[in-house]
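All chains should be built: construct the whole structure from the sequences, respecting the hints.
These protein sequences, in sequence, are chains A, B and C.
Going by the working numbering, 60 is the number at position 51 of the first sequence; the sequence numbering is gapless.
Going by the working numbering, 210 is the number at position 166 of the second sequence; the sequence numbering is gapless.
Going by the working numbering, 620 is the number at position 191 of the third sequence; the sequence numbering is gapless.
Mixed in with the good hints there might be a few duds.
Derived DSS-like pairs (lysine-lysine); straight-line CA-CA distance at most 30 Å [to be verified]:
{"id": "1", "chain 1": "A", "residue 1": "Lys-210", "chain 2": "B", "residue 2": "Lys-89"}
{"id": "2", "chain 1": "A", "residue 1": "Lys-210", "chain 2": "B", "residue 2": "Lys-107"}
{"id": "3", "chain 1": "C", "residue 1": "Lys-533", "chain 2": "C", "residue 2": "Lys-581"}
{"id": "4", "chain 1": "A", "residue 1": "Lys-71", "chain 2": "C", "residue 2": "Lys-459"}
{"id": "5", "chain 1": "B", "residue 1": "Lys-73", "chain 2": "A", "residue 2": "Lys-210"}
Derived from the structure by calculation, the hints contain no laboratory data.
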Amino acid sequence: MAEHVDLRPGGRTPPQVGSDRAGTPPRRKARRGWGKPGKLPVAGGESRHLGDEHGLAGDARKQWQIVLRRFVHQPRAMISLGVFALLGVGSVVAGALWKYSYTTLTDQIAAPGQGAPSWAHPFGVDPIGHDLFAQVMQGTKEDIQTALLVAVISTAIGTTIGALAGYFRGMVDPVLMRFTDLILSVPLLAILAVLGNIAAKQSGSWLWVAIIIGVLAWTYVARLVRADFLSLRERDFVEAARAIGASNRRIIVRHLLPNALGPIIVNATLTVANAILLESTLSYLGLGIQPPQVSLGTLVASGQGDATTFWWLFVFPAAFIVVMILCVNFIGDGLREAFDPRKTRVRA
Amino acid sequence: MLSYLLRRLAASVVILLLSSMMVFLMVAKSGDPLATLRLNPHIPKAVIAARSAQLHLNDPLPKRYWIWISNAIHGNFGLTIGNQPVAPQLWSHMVVTLEMVLIATAIAIVLAITIGVLSAIRQGRTFDTGAAFTNYLFISIPVFVLGLVLKEFVAIPINSAIGHTVLYTIGQQSPNLSGGFFSRFGNYAGHAVLPILTLILVVYPSWSIYQRSSMLEALDSDYVRLARAKGLRPSRVLIRHTLRNALIPVTTVIALDFAAILGGAILVEQVFSWQGMGTWFLGGITNLDVNTVQAYLLVTAFFIVLFNFIADILYGVLDPRIRYG
Amino acid sequence: MATTAFDQAGAPARAGGPLLVVEDLEVDFKTAEGTVHAVRGVSLRLNPGEVLGIVGESGSGKSVTAMATMGLLARSAVTRGSVRYRNEELLHRREKQLMPVRGKAISMIFQDPMTSLNPVYSVGWQIAEAIRAHQDVSKEEAMRLAIELLRKVGIPNPEERVTSYPHEFSGGMRQRVVIAIAIANNPEVILADEPTTALDVTVQAQVLETLRTALQVTHAALLLITHDLGVIAGLADRVLVMYAGRAVEVGTVDDIFYRPAMPYTIGLLGSLPRVDTDGSELLRPIPGSPPSMVGEIAGCPFAPRCPRAVDICWESEPALVPVGAAASPHLSACHFAEEVMRAGEPLFAATSADTETGPGPELDVDTDGHRPEHDMPSPEPGYVLAEGFGRAGPGEYEIPLMEEEARPGEEPDASRHREET
Numbered sequence: 010m011a012e013h014v015d016l017r018p019g020g021r022t023p024p025q026v027g028s029d030r031a032g033t034p035p036r037r038k039a040r041r042g043w044g045k046p047g048k049l050p051v052a053g054g055e056s057r058h059l060g061d062e063h064g065l066a067g068d069a070r071k072q073w074q075i076v077l078r079r080f081v082h083q084p085r086a087m088i089s090l091g092v093f094a095l096l097g098v099g100s101v102v103a104g105a106l107w108k109y110s111y112t113t114l115t116d117q118i119a120a121p122g123q124g125a126p127s128w129a130h131p132f133g134v135d136p137i138g139h140d141l142f143a144q145v146m147q148g149t150k151e152d153i154q155t156a157l158l159v160a161v162i163s164t165a166i167g168t169t170i171g172a173l174a175g176y177f178r179g180m181v182d183p184v185l186m187r188f189t190d191l192i193l194s195v196p197l198l199a200i201l202a203v204l205g206n207i208a209a210k211q212s213g214s215w216l217w218v219a220i221i222i223g224v225l226a227w228t229y230v231a232r233l234v235r236a237d238f239l240s241l242r243e244r245d246f247v248e249a250a251r252a253i254g255a256s257n258r259r260i261i262v263r264h265l266l267p268n269a270l271g272p273i274i275v276n277a278t279l280t281v282a283n284a285i286l287l288e289s290t291l292s293y294l295g296l297g298i299q300p301p302q303v304s305l306g307t308l309v310a311s312g313q314g315d316a317t318t319f320w321w322l323f324v325f326p327a328a329f330i331v332v333m334i335l336c337v338n339f340i341g342d343g344l345r346e347a348f349d350p351r352k353t354r355v356r357a
Numbered sequence: 045m046l047s048y049l050l051r052r053l054a055a056s057v058v059i060l061l062l063s064s065m066m067v068f069l070m071v072a073k074s075g076d077p078l079a080t081l082r083l084n085p086h087i088p089k090a091v092i093a094a095r096s097a098q099l100h101l102n103d104p105l106p107k108r109y110w111i112w113i114s115n116a117i118h119g120n121f122g123l124t125i126g127n128q129p130v131a132p133q134l135w136s137h138m139v140v141t142l143e144m145v146l147i148a149t150a151i152a153i154v155l156a157i158t159i160g161v162l163s164a165i166r167q168g169r170t171f172d173t174g175a176a177f178t179n180y181l182f183i184s185i186p187v188f189v190l191g192l193v194l195k196e197f198v199a200i201p202i203n204s205a206i207g208h209t210v211l212y213t214i215g216q217q218s219p220n221l222s223g224g225f226f227s228r229f230g231n232y233a234g235h236a237v238l239p240i241l242t243l244i245l246v247v248y249p250s251w252s253i254y255q256r257s258s259m260l261e262a263l264d265s266d267y268v269r270l271a272r273a274k275g276l277r278p279s280r281v282l283i284r285h286t287l288r289n290a291l292i293p294v295t296t297v298i299a300l301d302f303a304a305i306l307g308g309a310i311l312v313e314q315v316f317s318w319q320g321m322g323t324w325f326l327g328g329i330t331n332l333d334v335n336t337v338q339a340y341l342l343v344t345a346f347f348i349v350l351f352n353f354i355a356d357i358l359y360g361v362l363d364p365r366i367r368y369g
Numbered sequence: 430m431a432t433t434a435f436d437q438a439g440a441p442a443r444a445g446g447p448l449l450v451v452e453d454l455e456v457d458f459k460t461a462e463g464t465v466h467a468v469r470g471v472s473l474r475l476n477p478g479e480v481l482g483i484v485g486e487s488g489s490g491k492s493v494t495a496m497a498t499m500g501l502l503a504r505s506a507v508t509r510g511s512v513r514y515r516n517e518e519l520l521h522r523r524e525k526q527l528m529p530v531r532g533k534a535i536s537m538i539f540q541d542p543m544t545s546l547n548p549v550y551s552v553g554w555q556i557a558e559a560i561r562a563h564q565d566v567s568k569e570e571a572m573r574l575a576i577e578l579l580r581k582v583g584i585p586n587p588e589e590r591v592t593s594y595p596h597e598f599s600g601g602m603r604q605r606v607v608i609a610i611a612i613a614n615n616p617e618v619i620l621a622d623e624p625t626t627a628l629d630v631t632v633q634a635q636v637l638e639t640l641r642t643a644l645q646v647t648h649a650a651l652l653l654i655t656h657d658l659g660v661i662a663g664l665a666d667r668v669l670v671m672y673a674g675r676a677v678e679v680g681t682v683d684d685i686f687y688r689p690a691m692p693y694t695i696g697l698l699g700s701l702p703r704v705d706t707d708g709s710e711l712l713r714p715i716p717g718s719p720p721s722m723v724g725e726i727a728g729c730p731f732a733p734r735c736p737r738a739v740d741i742c743w744e745s746e747p748a749l750v751p752v753g754a755a756a757s758p759h760l761s762a763c764h765f766a767e768e769v770m771r772a773g774e775p776l777f778a779a780t781s782a783d784t785e786t787g788p789g790p791e792l793d794v795d796t797d798g799h800r801p802e803h804d805m806p807s808p809e810p811g812y813v814l815a816e817g818f819g820r821a822g823p824g825e826y827e828i829p830l831m832e833e834e835a836r837p838g839e840e841p842d843a844s845r846h847r848e849e850t
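Quick look at the structure:
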């Protein structure tokens with residue numbers, strides 16, 4: 010502990026500085042006190058450069074390769090990634106190339122004995138005459154773009170709030186965390202319903218739905234990042250960065266954030282799954298994406314009444330929601346395993 | 045322990061107050077509850093003005109908040125848009141929802157802990173793999189899809205196989221219910237099974253996953269190793285040392301999820317046409333019924349904060365480091 | 430085979446024979462990276478009342494050996510060989526069948542007192558639980574005995590502290606509680622796995638003293654696992670040095686400290702800072718790090734770090750065989766055991782412990798096993814293989830550290846502990 014205290018600004022000047030200037034790095038001390046050899050705890054201007062950029066970049070690149078390799082070696086996660094990508098690309102391509110648009114009224118309708126899936130209409134048609142394949146593809150596209158935007162918004166907000174709370178502590182932490190508690194004190198779905206109702210009157214587009222969910226779904230990320238930062242900020246390399254006079258902003262962005270990136274990415278993935286869940290639920294309730302736009306949730310809502318007679322109206326959109334969420338959850342699980350194999354290892 | 049409890053209680057009260065302000069502001073700003081009346085040319089301006097005054101729509105926001113919250117504390121939540129008192133409606137709908145939610149939560153907790161513990165001690169074996177897959181499956185099914193599947197593809201075939209309705213899919217009881225205690229109870233149960241099952245299946249998986257990893261952590265701990273080294277019975281090691289410690293973090297997770305359960309209840313009520321708080325709340329939203337929506341949000345916030353407070357107490361009881369910290 | 434040699438050369442049997450016999454113990458862990466051979470054929474015997482020290486770097490398999498003895502390894506561990514307590518096989522027993530042995534016949538003290546007590550129960554509760562696991566006494570009686578045990582291990586005000594929770598105790602106090610649990614049922618064998626490593630230096634000596642007291646109270650035999658040779662010197666009768674999952678040297682404390690017959694042991698001794706000399710000696714650490722335990726090891730596992738390594742060391746792994754006088758229980762696993770023992774000179778390069786003394790010696794070693802010194806001539810007795818290492822000034826590495834220490838009748842490292850106590 011004592012050696013760290015020495016290196017704080019204003020503390021005793023470490024004796025190695027002289028030898029460092031002379032070109033002999035204080036190897037022994039560095040090895041003992043600092044986990045990452047690339048970041049030498051020295052106060053000289055030149056070595057700061059070396060410590061920060063090159064060492065870290067090299068380490069990081071290697072680490073990403075390891076993570077990638079671990080991820081690729083998980084069949085379940087890779088299959089899920091493939092299916093999800095197929096759904097994403099497929100829904101866009103189908104929207105452009107399929108013979109019917111999701112608004113087209115075909116000459117067939119769902120009625121007793123007709124409208125079931127056929128070669129002309131692989132997913133069947135609805136009672137008004139829409140081709141369900143076109144509708145499901147459009148709904149899938151809307152769902153995926155909504156979910157991705159939600160993940161971006163809520164991860165950005167949550168990471169910022171969590172990082173500020175965890176790094177600065179003091180008064181910032183309790184204020185931000187009580188704010189988080191406040192959001193959590195009411196069912197998320199209830200707030201979303203209230204806000205969704207307002208937005209639905211303005212515009213029923215996916216963009217608004219994504220923004221509403223995004224600005225409310227960040228609480229979990231915030232708690233996670235805060236917890237990570239609270240422990241990371243005590244680590245030696247932060248002490249070292251502070252000693253060489255790095256600004257708070259630089260410490261957060263260049264030192265803490267890269268180290269917390271694993272859990273953040275995993276959580277962003279799980280947010281995608283959660284967003285699909287929330288969006289389809291809101292749309293199902295009529296408080297999300299509004300007609301004439303379709304989402305899988307609105308399709309389930311309109312198909313539910315005839316679920317036993319015109320099963321395809323319920324089964325296809327519902328199955329697409331479940332498959333999408335399942336895939337994203339498996340991808341998230343695979344990422345978690347890739348970033349932190351300790352968590353799921355076999356007990357040793 | 046006492047000072048810990050008082051601190052938590054104070055924090056809970058503060059959160060609840062802030063939450064009431066947030067709820068009030070959000071709903072008050074969400075739209076004009078008299079918009080439909082104003083558009084109706086047959087309604088005289090004076091009536092609208094009177095209604096407006098009655099709902100305190102012309103007062104400044106802080107004053108409106110103060111009137112609302114001080115009445116709410118005394119159990120008066122104002123009038124609905126249909127000019128009925130909100131409170132009696134709230135209480136009757138609340139009972140329906142709370143019964144369902146509390147029963148489902150209790151069963152889900154037992155189920156999640158059992159599955160989590162068994163998965164952990166059978167790590168990597170068939171039970172664990174099967175449980176993990178089931179967990180992921182149910183996590184990935186939205187409440188309304190699960191409810192609809194149970195309703196359309198489980199209950200209806202079962203009922204037609206038996207020949208008469210056992211599993212009801214609409215409402216919380218049959219209208220004009222009569223008969224003895226047992227037939228009435230059977231009717232209630234027949235209505236409650238599917239909604240409660242839906243809610244259980246939606247909430248238990250994440251708790252079960254959490255319980256499993258918390259058990260694995262405890263099983264790998266030094267204190268469990270020491271307990272085994274003492275020569276204790278394996279069952280004692282498992283219950284008194286492993287499970288006892290693994291429960292501590294899980295209480296927090298369950299408490300935090302209570303809000304999600306209430307959210308899920310909205311959908312379950314919607315799918316199974318229950319006249320609970322959730323259905324009532326959704327009706328309030330579509331009608332722009334300010335007092336109904338505010339009453340729902342305030343009451344759910346109260347229950348969520350209360351549930352978290354209970355979890356805090358439990359946490360203190362379970363963990364002496366908190367109790368004496 | 431090493432086992433037989435060791436069996437013959439075990440410590441002189443006392444009345445009743447050995448309490449604990451480990452024979453050819455092997456422990457493998459299956460991991461994603463491959464099978465880890467954590468223990469590769471360790472044999473030892475522990476006689477009543479004896480203190481046997483096991484030393485080695487972390488990862489040498491010494492803790493795994495202790496855990497295997499108690500049956501505390503994870504399910505993923507594969508064990509072979511034999512662990513016998515009073516001629517009863519313990520290995521591969523079911524958890525239930527181990528109950529009467531654990532805590533009663535053999536008890537264990539773990540490395541980290543901060544984590545080895547259950548945080549949710551009072552210390553008295555945890556001691557009483559250990560008592561009631563093996564003795565038919567009431568809860569009140571067990572609590573009373575717990576207070577007595579706390580008194581024995583030197584907890585002040587035991588009547589009050591018995592209801593305290595672990596987090597209200599310091600690390601040293603917690604380790605005393607763990608020792609109290611270990612001696613609660615008068616065991617015949619205590620396994621102590623690095624009992625002082627996690628503690629502050631000042632507290633270490635106190636806890637060692639408590640351990641000594643515990644041995645006096647119970648007359649138990651002690652298997653003391655540590656990487657601290659100072660601790661060994663103060664407590665042990667015999668020492669087993671482990672490297673890469675095997676015993677590489679076994680002998681009495683005097684054998685190990687004054688007549689080491691394995692370069693690794695010499696390296697360990699050279700890494701030990703001493704306070705009993707005038708301070709002019711330099712540390713002589715072992716370069717490099719222990720080998721990976723994944724996969725098979727060809728040749729002597731210490732060869733990549735050994736200044737004496739020659740071709741044969743890279744080709745065949747030496748067996749654990751007696752060195753010195755034929756009747757001696759001194760064993761070494763080195764192709765040049767006799768020469769190494771006779772040489773008695775520093776083998777490793779000296780380094781300055783203090784970087785502040787200017788641009789002094791700097792240790793610069795390839796850790797990836799590349800060693801230009803491999804094809805050095807066959808070592809002669811007294812050959813000092815220090816030139817290749819670092820830039821130590823000539824005067825520094827030639828100080829004959831071992832020679833000076835090797836005066837019989839002196840117990841240099843025990844004195845260090847007496848000072849601290």
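Task: Restraint status (C-alpha distance of A:Lys-210 to B:Lys-107 at most 30 Å) - done: holds (28 Å)
Open item on the list: What's the verdict on A:Lys-210 and B:Lys-89, does the C-alpha distance respect the 30 Å limit or exceed it?
Closed with: holds (25 Å)
- [ ] Measure nothing beyond the straight line between the CA atoms of A:Lys-71 and C:Lys-459; if it is 30 Å or shorter, mark the hint as holding.
- [x] holds (25 Å)
TODO: Mind checking the alpha carbons of C:Lys-533 and C:Lys-581 for me, to see if they're no more than 30 Å apart?
DONE: Satisfied, since the Cα-Cα distance of roughly 18 Å is no more than 30 Å.
- [ ] Mind checking the alpha carbons of B:Lys-73 and A:Lys-210 for me, to see if they're no more than 30 Å apart?
- [x] holds (14 Å)
In this structure, none of the earlier numbered hints is contradicted; all agree with it.
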